[in-house]
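My request is simple: use the sequences and hints to build the entire structure.
Protein chains: 6
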Amino acid sequence: MSRLKAAIIGGGNIADTNHIPALKQLSEQVEIVAVCSRDFSKARALADKHGIAHAFGETAELYRQCTPNLVVICTPNNLHYPQTMEALENSCHVFCEKPPAVKAQNARDMADLANKKGVVLAYNFQLRQASEFALLMRCKADGLLGDIYHIKANFLRRRGIPGWGYFTNKAMQGGGALIDLGVHVLDLALYALGYPTPEQVIANTYDFIGKAGGKGLMGTWDPATFEVEDAATAYLSFPNKASIMLSASFALNMQAEKDRNLDIFGSKGGAKLFPFTLHTELAGELADIQFPFLEETDIQLKNTSAFLDACLGKPSNVCTGEQGAILQEIVERIYQSSTR
Amino acid sequence: MSRLKAAIIGGGNIADTNHIPALKQLSEQVEIVAVCSRDFSKARALADKHGIAHAFGETAELYRQCTPNLVVICTPNNLHYPQTMEALENSCHVFCEKPPAVKAQNARDMADLANKKGVVLAYNFQLRQASEFALLMRCKADGLLGDIYHIKANFLRRRGIPGWGYFTNKAMQGGGALIDLGVHVLDLALYALGYPTPEQVIANTYDFIGKAGGKGLMGTWDPATFEVEDAATAYLSFPNKASIMLSASFALNMQAEKDRNLDIFGSKGGAKLFPFTLHTELAGELADIQFPFLEETDIQLKNTSAFLDACLGKPSNVCTGEQGAILQEIVERIYQSSTR
Amino acid sequence: MSRLKAAIIGGGNIADTNHIPALKQLSEQVEIVAVCSRDFSKARALADKHGIAHAFGETAELYRQCTPNLVVICTPNNLHYPQTMEALENSCHVFCEKPPAVKAQNARDMADLANKKGVVLAYNFQLRQASEFALLMRCKADGLLGDIYHIKANFLRRRGIPGWGYFTNKAMQGGGALIDLGVHVLDLALYALGYPTPEQVIANTYDFIGKAGGKGLMGTWDPATFEVEDAATAYLSFPNKASIMLSASFALNMQAEKDRNLDIFGSKGGAKLFPFTLHTELAGELADIQFPFLEETDIQLKNTSAFLDACLGKPSNVCTGEQGAILQEIVERIYQSSTR
Amino acid sequence: MSRLKAAIIGGGNIADTNHIPALKQLSEQVEIVAVCSRDFSKARALADKHGIAHAFGETAELYRQCTPNLVVICTPNNLHYPQTMEALENSCHVFCEKPPAVKAQNARDMADLANKKGVVLAYNFQLRQASEFALLMRCKADGLLGDIYHIKANFLRRRGIPGWGYFTNKAMQGGGALIDLGVHVLDLALYALGYPTPEQVIANTYDFIGKAGGKGLMGTWDPATFEVEDAATAYLSFPNKASIMLSASFALNMQAEKDRNLDIFGSKGGAKLFPFTLHTELAGELADIQFPFLEETDIQLKNTSAFLDACLGKPSNVCTGEQGAILQEIVERIYQSSTR
Amino acid sequence: MSRLKAAIIGGGNIADTNHIPALKQLSEQVEIVAVCSRDFSKARALADKHGIAHAFGETAELYRQCTPNLVVICTPNNLHYPQTMEALENSCHVFCEKPPAVKAQNARDMADLANKKGVVLAYNFQLRQASEFALLMRCKADGLLGDIYHIKANFLRRRGIPGWGYFTNKAMQGGGALIDLGVHVLDLALYALGYPTPEQVIANTYDFIGKAGGKGLMGTWDPATFEVEDAATAYLSFPNKASIMLSASFALNMQAEKDRNLDIFGSKGGAKLFPFTLHTELAGELADIQFPFLEETDIQLKNTSAFLDACLGKPSNVCTGEQGAILQEIVERIYQSSTR
Amino acid sequence: MSRLKAAIIGGGNIADTNHIPALKQLSEQVEIVAVCSRDFSKARALADKHGIAHAFGETAELYRQCTPNLVVICTPNNLHYPQTMEALENSCHVFCEKPPAVKAQNARDMADLANKKGVVLAYNFQLRQASEFALLMRCKADGLLGDIYHIKANFLRRRGIPGWGYFTNKAMQGGGALIDLGVHVLDLALYALGYPTPEQVIANTYDFIGKAGGKGLMGTWDPATFEVEDAATAYLSFPNKASIMLSASFALNMQAEKDRNLDIFGSKGGAKLFPFTLHTELAGELADIQFPFLEETDIQLKNTSAFLDACLGKPSNVCTGEQGAILQEIVERIYQSSTR
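Residue numbers (the working numbering), protein chains in the order written: chain A, 25 to 364; chain B, 25 to 364; chain C, 25 to 364; chain D, 25 to 364; chain E, 25 to 364; chain F, 25 to 364.
Among the hints, a few may not be true.
Copies of one chain are not kept apart here, so a pair can be met inside one copy or by any two copies together.
[As the list claims (entries may be wrong)] Simulated crosslink set (DSSO-like; lysine-lysine; CA at most 30 Å straight-line):
| hint | residue 1 | residue 2 |
| --- | --- | --- |
| 1 | Lys122 | Lys194 |
| 2 | Lys265 | Lys292 |
| 3 | Lys265 | Lys235 |
| 4 | Lys48 | Lys29 |
| 5 | Lys122 | Lys48 |
| 6 | Lys296 | Lys235 |
| 7 | Lys194 | Lys292 |
The hints are simulated quantities; they were obtained by calculation from the structure and are not laboratory data.
Encoded structure:
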């Protein structure tokens, strides 16, 4: 079977250190044919560094000269929508960085177009490939959890407002801690529940610490350009009465440097990750179960591989365009609720 | 100054081990003159055991024969309302066990009548007197927390469905884990915020484990008579955008045997209890602060003393009738939200 | 149903603190009618202390005057045989302290006579009632262990040669660390395997530390009267190739003050006690399982109750006369092997 | 003094990473002149990699063309015997990988021939050079242990069946966990006792987990080709009543990933390794002694150096041909006992 | 042998809970015949409580009516001198509470008079009887420490200014943290060195925290009546160049609630207590030694017994009058140095 | 602004790994123009390795050919004085390794000449730049410590007598543990107190372990050439009654491998480093404060930068010539006191 031809759109760090290396490790299935960046010199440098044949400064040129089977979008959040739409129009499979978009309708349109064009649209939520999450899903499948009815999902940093990039720029990012960090654990929680759409969403966002400015564990940030939330809290209630409590922060006066975890409560057992522990009954007694030898995995490699599986029509647990649309709608409802 | 005359209504364990011993330790200010229980033999036995002059089987008789200045209500939840109203009508100060009532309107009527009669109505939320909570309020007053904007409040048990009493009887208790356990940490969270009324309340309750029956850490319970929630989760959003995430359980598939804690997040610092730790910045660095020598206190004695202070017109941090009405309304909104 | 009548033979500590209190807690089923001790004053004092009607200085007198349904033997090891035989001849059920006897043939005769007379003969190996061992047997029954093929059983003390009693007197005790301590874990190991008779037994006993004399954690002992082994090690090989490694010591140059544990290895899982942990595979991964809330039990009360169940023809896990005979034969083979 | 000339027989990993680097570090005393492997390309590659002058595909050729003073045998277990015999016949000192052979008589013949030819035969049990074992022997020499009378020796893996190589091939390896792992701790235990021959050996071997197949911590193994024991347990009893309890496993349902330890019990003190602790009496009290700064050593380098010392007639603690014969006989008796 | 007759002088807590119970446990050797307190009612009550025949309000009366063989002085520090002198004049052995006196010359006179009268004068430094200190002296005697050349001795409290008694009264106590706490560890350090007299003493005392007043872990103290040092530090240099660094505090901004320890450094080994650890070389390696089973002792009982041994002419390690005079002189030199 | 020209004097390890790399990182402000070593080949090699233009074998030649603005002295202690004086005479700023000199008068002369010549003289006590010490000084400035009145300063090694170099050579080093290690923590303690001159100094030095010879954690040392102290203890008393207890050792029978710490006691709070903790009162309670995210810093780089700041007339916390003279005088008084 001939290899798929991939093009990379975006010349930043995530392309360089995540997507390109993963694709190169999967060279039996895929070949990177081009890199494209609005800053052509970045595209050029990246192509040279990784031995990629073509570099472009405009996507139109890319599609004109190459005919990629798939495109990886690694640009700022606000470009995900137009670039994905263009790629889909060119009948390319799309592997887009998270979050899907900055507006719910955009994510919906992206999913619809992919559907219409009969190509794969997927988002790069790599935590789905973590050994702990895979084990959670196996435990669920084996009935060790029973019905899952409540999840607490947190992605918190104590003082982790990035002092670089455009993480605090609302127009480019679409938001702050929620859209950058919270979406990771929200995606896992939704997936564990079967990706339902919530009946009710209520939320609040905060910016006390961000607006005060200061020095943190990820550099010094400027309060004058801090336009996003430094923390968000939300409650999602689903038709079957399941619920999610979600918290995300760039900055919060807590003890841990960072805290990324989920507590999953089911009728038969509960699980906590990361790391993974299981709490249930066994042989008639309350039992705590640890799995001391879970293997560490290269979650980017696994997620890229899952995307390729999807492109090849194989079973895959990559985040689909449809799931991305549901998630993006929730994000939008959270921001709307908090600006009531 | 002459001593206040107190009467005890209710002949159960809480009267015997909490309220009567506390009042006796405060004998310079108060004298217990009577015990009343619908089961007269219980009233008799309690009076004899503690050297109290009078025992009654009916409250009407109590008010006819004695003229107490204050009444302590230690009966099942559904009796708090009628007995408090009767006491207030008799111009007595009332110290009522938690929760205030089983309906929001009842608690509202109780507060209004106390106000009209010019007497004190207070509820026995003893955790307010815990050293850790007192320290939290001092930290807040000293500006160490700044503006408090989010609180996570949990009162969770892994398998703590009581195998005795009427804790699972909906009519008598008004609910389960929320009204029995959750109200304690809800009261603390509201007090820390200034006891505001929430704009929005969203919640869900669960009974998977309770309905399954079984053996737990507080005995064996009967699924057939399990009528209440074994777990409740709620989100409260306040006009100033502050928020509370509340969780309460009799049974939940978690690791700890029980978990009663609050995480308070403010603009200057955050605190966690119990035990108490403070997380803030000091000398330009992120700092974690522990208070290793907080004294253990007899929280019932302190709360009874705070009630007497209120009766005597002194400053007091006991839970007021007004606060109880706010709290009860929230409890009702939680139950309503979860039965949508 | 009328209560069983019990007589206690032996006026020492084990009667006073273990057997009599347990029987009294089971007073709905059994009544203690007499105490007998060769030292009549001891019998008298014990009877008075516990409100027992009769005291005797000779067992013959006991049987002449009372007609007990059951007898509890709490005398030195070398008296277990004659006193049990006498009791069985009098058609009494017998609950005999461990070890069964000091000779294998004695224990065999005891079992045979009980069988012939149609009464219950049982030995007081209380650890069978420990929650951890009960859980082990439930795990085995639930298939969590698969086939058990190897057990390491240890009952070790670092410096625990008793400085009192006749624990170092060979004639009265029949041996040292093995017959006093080792038999407890040997009984558990055999029970876990289905109480098979070993094909081969090889062993060694030691007395270096005992013969040196000294001060230990259970007093000062006299090397001149130290006639028993201070340590014993043995290997038991069974027809189905299962094996037991057994170690027992009064004194051994090790770190722990004492170490009483079993490692049970099965084809599906392994368990370790005390405390209890389970090591197996779950959801496709190696798993370590803890049971944090095992209840502490009064193992003497449970074992006495199990003996009464046996007397009443109910299912019981008390150590039977037959099992005692197997165990005693193993003990004898261990001592023989070590004196080759 | 001129340097010894060494030849390497076997072109696998142990030659490449252990023996050749060690010999090269000892270049003042020894020079590697040739590498020989039945797969000549391996010999060639190894010689090139390490700058060794000659490579051979047959040992006969090696001896014909070179005249090595010493030979290092790093081939599969079943080749140790013929290749050592050939080397001895050529009057070479031999440093043979463990185990000595796959049959006891072979190891005996090897020792006898070395003796007859007046050359050194030694086996590469490197753990003898571990700092902890050296300290044990110093403690013994200083009288801190007194008479050693019991040793528990374990080399256990939880799920460590190698998924590569011929470790599960009975014909090539001669056995499984015992002959691959157990011999290491058996050698140490025997050495600590003065390398006596046991009076009695009793043992059992198991293959439940191996025969079931599966995924472990050292890869995935095929149950169809699993011909060896996954676990072995044995008891060795010596003429002076000292005893060894030996356990070895490739797979066992235990907690630790692996457990390689010895408990040495003596009349004056006991030691545990690895790591090393000493338990004895000091100043009249029971004492636990730790040695926090034991240096980490390159045990292969030290053992190779010890072999060279032996070749040069200097004192050496390397495992001798005679000791290897004793050990191999014990291994054979263990396998025989378990197949009774 | 007839029993010694003892009289107690002082009716406070230390008499009631330490000395009288200890003497009563030693009733084979000693009988308490009288209690004397300037507050006669206290003497009366104490005598009644403990079944002592006589009570007195004046010591003169005591000596007139009874003829005690020994006297125990349990009065405020400033009374130790006159009462001891009177007792010695009456030819009584004297067991005096620590510190010996409030002036060095007083302690010298007390020692001289005891010597002249041929009776025993001893001070109640009970820590000498602690198992850890006894072990230290055995280690020293066994040569495990070599020459001791430096000791760090600390008796520190973080906030332990007593809120009761006259601990902060300079006239009655003679000082603060040094004379109340520091003398305990100073006595041990001096004893370990052979009780030499220092060549040089340099010291400083502080009262910052005491003068500030406040609430601590031993109550609330009044800065207005705080006349003593809250902390003292001193360096003692001896003729053989050994040295002691001494620190004592009632209040110090440190982490531990209290810290009572000695670090003893010798040429062969070093020891730390409390608890006791030994650091030396063994078998050619640096070794850390713990003694996990040191028995807890009733140090008052042992010290009273040691005093009686001295009275009976037996070997004794109780603090002698001569040692007390040396210690008191050092205390005085410390206070003098700090007021330079 | 043109760059400063620097010359390095001394061709050893500290020049190679500390000073030259630091200066090269600060290449915007400074340029290394020459290296000088009495062993010219060392100077040559170092210059080549680091791309430095000139190498010299004599300092006179250096000053003749180059005109450095500043000189870094990295030679043995006894050369600090003559080389610094020569550099100052040549009007160079001098950055001299610690200790300042081997005699107090030398350090005084050095400071005076620098003052006279109007150039900067500084010593390389890099620990001043440690984050923990910087935080201490900020805490002091913020009033969190109040008045500092006592400091315990330790720089101890258990067996850290260097087996190489001239660390045990008295003539070249001027002393042992004190002058090599102790001066680091002495400098910090003095700086925290405002660098006062002590009123009294009393001290002792020891060499028991050094004179015994042996193997340690920094190699094997020769007792025959061990001329310095292996341990020193000292007490410094200042005019305002503040005090320092100083301990330094190359070898001491203690538990830790090494222990470098300061305990700073103030009227408001106390601090401990390394690591840093603060102990004070907050919100009316005793509080322990940790700073979990102190950044690790390149203390040599920071100290070199601080020296350059001083050269450029900017504020700087580098150790000044004046401070060095005070410290050196204390060192001399310590050695004098111990040889009384």
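We went through each hint and held it up to the structure:
1. Lys122 to Lys194: within (16 Å within a copy, 46 Å between copies)
2. Lys265 to Lys292: within (17 Å within a copy, 36 Å between copies)
3. Lys265 to Lys235: between (37 Å within a copy, 16 Å between copies)
4. Lys48 to Lys29: within (12 Å within a copy, 47 Å between copies)
5. Lys122 to Lys48: For Lys122 and Lys48, the Cα distance is within 30 Å only inside one copy (21 Å; across copies 42 Å).
6. Lys296 to Lys235: Cα proximity of Lys296 and Lys235: across copies only (24 Å, versus 33 Å in one copy).
7. Lys194 to Lys292: Classified as between; 24 Å across copies, 42 Å inside a copy.
Taken one by one, the earlier hints all hold for this structure without exception.
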